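Given only the sequences and the hints, what does the whole structure look like? Please build it.
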Amino acid sequence: VNQLRMLVLLVLLGLGASASADELLMARITQPFPEAMNNLQETIRAKGYVVSRVQRVDVGLTASGFQTAEYRLVFFGKQAEIRELSAAYPELIPYLPLTIVVFAEGDDTLVLTTDPLKLGEFFNKPELLKRFGVWGKDVRAIFDDVSRIP
Amino acid sequence: MFRFLTLLASLLFLGVNAAMAAEPPARPDGARLYAQRCSACHGADGRGGVGVPLALPAFLSSVDDAYLRKTVRLGRPGRVMPAFTLLTDAEVEAIVAHIRSWPGQMRPKTPSHDRITGNAVRGKTLYDRHCTACHGVHGEGGHGTGVTLSRPRSAPILAPALNNPGFLAAASDALIKTTLVNGRDGTPMRSFLKQGLKERDINDIVAYVRAFEQMPPPPGARVLESASPVLVRVSPYSVEETVEKVKTAVGAANMRLIRVQTLDQGFVADGKENHDQTIVYSCDFGFLNEALKVDPRVGLFLPCRVTVLRHAGKVQVMTINPKRLSRIFNNAELNDLCEQMYKVYVEILEESVL
Numbered sequence: 064v065n066q067l068r069m070l071v072l073l074v075l076l077g078l079g080a081s082a083s084a085d086e087l088l089m090a091r092i093t094q095p096f097p098e099a100m101n102n103l104q105e106t107i108r109a110k111g112y113v114v115s116r117v118q119r120v121d122v123g124l125t126a127s128g129f130q131t132a133e134y135r136l137v138f139f140g141k142q143a144e145i146r147e148l149s150a151a152y153p154e155l156i157p158y159l160p161l162t163i164v165v166f167a168e169g170d171d172t173l174v175l176t177t178d179p180l181k182l183g184e185f186f187n188k189p190e191l192l193k194r195f196g197v198w199g200k201d202v203r204a205i206f207d208d209v210s211r212i213p
Numbered sequence: 002m003f004r005f006l007t008l009l010a011s012l013l014f015l016g017v018n019a020a021m022a023a024e025p026p027a028r029p030d031g032a033r034l035y036a037q038r039c040s041a042c043h044g045a046d047g048r049g050g051v052g053v054p055l056a057l058p059a060f061l062s063s064v065d066d067a068y069l070r071k072t073v074r075l076g077r078p079g080r081v082m083p084a085f086t087l088l089t090d091a092e093v094e095a096i097v098a099h100i101r102s103w104p105g106q107m108r109p110k111t112p113s114h115d116r117i118t119g120n121a122v123r124g125k126t127l128y129d130r131h132c133t134a135c136h137g138v139h140g141e142g143g144h145g146t147g148v149t150l151s152r153p154r155s156a157p158i159l160a161p162a163l164n165n166p167g168f169l170a171a172a173s174d175a176l177i178k179t180t181l182v183n184g185r186d187g188t189p190m191r192s193f194l195k196q197g198l199k200e201r202d203i204n205d206i207v208a209y210v211r212a213f214e215q216m217p218p219p220p221g222a223r224v225l226e227s228a229s230p231v232l233v234r235v236s237p238y239s240v241e242e243t244v245e246k247v248k249t250a251v252g253a254a255n256m257r258l259i260r261v262q263t264l265d266q267g268f269v270a271d272g273k274e275n276h277d278q279t280i281v282y283s284c285d286f287g288f289l290n291e292a293l294k295v296d297p298r299v300g301l302f303l304p305c306r307v308t309v310l311r312h313a314g315k316v317q318v319m320t321i322n323p324k325r326l327s328r329i330f331n332n333a334e335l336n337d338l339c340e341q342m343y344k345v346y347v348e349i350l351e352e353s354v355l
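Residue numbers (the numbering used here), protein chains in the order written: chain L, 64 to 213; chain V, 2 to 355.
Think of the hints as simulated: they come from the structure by calculation, not from any bench.
Quick caveat: nothing in here was measured; it's all calculated off a predicted structure.
Take every hint as true, because none was put in to throw you off.
Restricting the straight-line Cα-Cα distance to at most 25 Å, the calculated cross-link-like pairs of lysine to any residue (SDA-like) are:
(1) V:294 / L:127
(2) V:294 / L:128
(3) L:141 / V:262
(4) V:273 / L:152
(5) V:273 / L:155
(6) L:188 / V:226
(7) L:200 / V:94
(8) L:200 / V:34
(9) V:315 / L:151
(10) V:273 / L:116
(11) L:141 / V:272
(12) V:248 / L:118
(13) L:141 / V:273
(14) V:248 / L:121
(15) L:110 / V:270
(16) L:188 / V:234
(17) L:193 / V:231
(18) L:141 / V:270
(19) L:193 / V:265
(20) V:344 / L:162
(21) L:200 / V:74
(22) L:200 / V:31
(23) V:248 / L:119
(24) V:71 / V:29
(25) V:315 / L:155
(26) V:246 / L:150
(27) V:294 / L:125
(28) V:344 / L:184
(29) L:200 / V:29
(30) L:200 / V:89
(31) L:200 / V:87
(32) L:188 / V:86
(33) V:248 / L:154
Quick look at the structure:
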């Protein structure tokens, strides 16, 4: 039985060897900021996530006397995953929920986030790689979708 | 039994690989890869943005494909451009082919990759006289890192860091010489031949620039090292008391309290939140403004956020570790800010559990 376990582990390690992470995921949306923000949030929801909050960084900056382009943070996740992971791995909490930065660059809008697979490198939790991999795939799909919207 | 299973697994593995090998690999779509990996910084059409413009005919006409390939692969350590190590060779090739499809460029001649012989000592004197104003005394490049908000909008590009290990690995001597001889239209780089330098002078400058390789890695390519992704302290107080102490510590650090919320706020109905996982958001807007000027991407980990949680009977206070995250941005100009932020977080944590 132990040998069988070892074999399964070796196969899994072999399959997981390609699970390397980019540092940042970024995308350009060729739309002005308001439309891009709306489309981003709709796309996040369409992937089954909840947008829990939008932080208006630009409002705080301008209220403090600084000039800035539109700049927001979109927090999102799935309630069950957040509850389960934060209970079992409290050290993940500073990185939850998932966050996307959205800011205007001229007539375009840029979105970016950390590759969720990076959390696997940060915390060395092989058992969570699959989950982080799903998040990474979803975020890439979200970025692909919003950057393709005409 | 085990031998049989091992054999079966091997056969399956080989079978899958053989099947994959039998199918001709799909040709990577360079336009799509460029859109996914490059356009966020360099613009959909290569006209720049967060990153430098690539679609300058004078640039594309003077660099060969090897330079582009190596730049994609190696990036520019500490200068924002990441090393795309996860792309396959075919994908890198497809991106280069896409860039080559842009109009207006002349295909550069295949340049020699031989070393150019010159007098580096004499080259230093010439470099000091002609190059430092833009490229820095030690070849560290223009101030800022190419990121939109740190680059004057009037400047099409920042002078590249000639001492950057990524640049030195990507640029052949011939490429550096060609740039010095011809200059680069559309940028502040002028032809030094037209400004009176002789070919021998240019060779000496090339030799001096190449000598940067023998020097220790420059500070501009330094990446902060720190093992832990989070900073943690154990609090002797209850969650509620610790949250109050965090709020006081945040004020003492001259930060403005933004809000206090539970981790699950926005996910659960009002009144159902788990107050054993509470987050205190705060911000020093002056610091945030400075950080965004250096690199607009840092908002990913700002405003500041301190988590207070109860786990296994203990109350803990926790934050991200800015020094660990510095590497993500590959921007050496953020190093000092990340160090500062690290100290502020440690002070807040210490104060909260005092």
